[in-house]
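Asks: The numbering used here puts the first residue of the sequence shown at 2, with every later residue one more than the last.
Worth double-checking, as some hints may not be accurate.
[As the list claims (entries may be wrong)] List of simulated lysine-lysine pairs, DSSO-like, C-alpha gap at most 30 angstroms:
(1) K97 / K71
(2) K25 / K38
(3) K87 / K45
(4) K11 / K76
(5) K11 / K45
(6) K102 / K45
(7) K25 / K78
(8) K25 / K97
(9) K25 / K80
(10) K76 / K38
(11) K62 / K87
(12) K38 / K100
(13) K25 / K81
(14) K87 / K71
(15) K71 / K25
(16) K102 / K62
[What the hints assert, rightly or not] Cβ pair distances, simulated, as ranges:
(17) S55 / L86: 40 to 50 angstroms
(18) K45 / Q74: 14 to 24 angstroms
(19) K45 / G88: 43 to 53 angstroms
For the record, the hints were derived by calculation from the structure and aren't laboratory data. Note that CB positions come from ideal geometry on N, CA and C, so glycine has one too.
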Amino acid sequence: MFAILEIGGKQYIAREGDVLRVEKIETEGKETVLVNKVLLLADKETDVGTPYLSGKSVELKVLSTGLGDKTVQFKMKSKKRYKRLKGHRQPYSDVKVLKIKA
Numbered sequence: 002m003f004a005i006l007e008i009g010g011k012q013y014i015a016r017e018g019d020v021l022r023v024e025k026i027e028t029e030g031k032e033t034v035l036v037n038k039v040l041l042l043a044d045k046e047t048d049v050g051t052p053y054l055s056g057k058s059v060e061l062k063v064l065s066t067g068l069g070d071k072t073v074q075f076k077m078k079s080k081k082r083y084k085r086l087k088g089h090r091q092p093y094s095d096v097k098v099l100k101i102k103a
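Input sequences plus hints: build the corresponding full structure.
Replies: Below, the structure written as structure tokens:
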């Protein structure tokens, strides 16, 4: 059984027991989170939502949060003394799929 769910505007495929790296989920400590934005649920039959399935949810446990690798944006115009350097680190949460509630 697997489900496709939406977290932070991005879609993830989840199976029970999987560990996913998703957009940061605001929680205090290691808590369980219930995600109701289930787009597709497949076992022996496939249920597709328009856009979401009602009454279906996925239970996640937040394992850790952190910042991703730094990406660097550099702009330069030659002979004009113009240089700009900007960096960004995307926050993320590592979650474990505990149960898919169908």
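Asks: All hints are to be evaluated individually against the structure, with a verdict given for each.
Replies: How the hints compare with the structure:
Proposed proximity of K97 and K71 is supported: the alpha carbons are some 24 angstroms apart, at most 30 angstroms. A threshold of 30 angstroms between alpha carbons decides the hint, and for K25 with K38 the separation of about 16 angstroms falls inside it, so the pair holds. Distance hint between K87 and K45 is unfulfilled; the C-alpha atoms sit about 49 angstroms from each other, more than 30 angstroms. Only pairs whose Cα atoms come within 30 angstroms are accepted, and K11 paired with K76 is accepted, the gap being roughly 29 angstroms.
Restraint check for K11 and K45: satisfied, since their Cα atoms lie roughly 25 angstroms apart, inside the 30 angstroms limit. For the given pair, K102 sits about 15 angstroms from K45 by alpha-carbon distance, which is consistent with the 30 angstroms threshold. Straight-line distance between C-alpha atoms of K25 and K78 comes to about 36 angstroms, which puts the hinted pair past the 30 angstroms bound. As the CA atoms of K25 and K97 are separated by approximately 14 angstroms, the hinted pair is consistent with the 30 angstroms bound.
With a CA separation close to 41 angstroms, the supplied pair K25 and K80 exceeds the 30 angstroms bound. With a C-alpha separation of about 39 angstroms, the suggested pairing of K76 with K38 is violated against the 30 angstroms cut-off. A distance of roughly 33 angstroms separates the Cα atoms of K62 and K87; the hinted pair therefore is violated under the 30 angstroms criterion. Taken as a hint, the K38 and K100 pair is honoured in the structure, with Cα atoms around 14 angstroms apart against an allowance of 30 angstroms.
Note on K25 and K81: the hinted pairing is violated, with a Cα-Cα distance of about 40 angstroms set against a maximum of 30 angstroms. For the proposed pair K87 and K71, the alpha carbon gap of about 10 angstroms is at most 30 angstroms, so the pair holds. The hinted pair formed by K71 and K25 meets the criterion: a straight-line CA distance of about 16 angstroms does not exceed 30 angstroms. A threshold of 30 angstroms between alpha carbons decides the hint, and for K102 with K62 the separation of about 14 angstroms falls inside it, so the pair holds.
Evaluation of the 40 to 50 angstroms hint for S55 and L86 yields a pass: the beta carbon distance comes to about 48 angstroms. One distance hint, 14 to 24 angstroms for the beta-carbon pair K45 and Q74, is violated here, with the actual separation near 48 angstroms. The hinted window of 43 to 53 angstroms between K45 and G88 holds, with their beta carbons roughly 48 angstroms apart.
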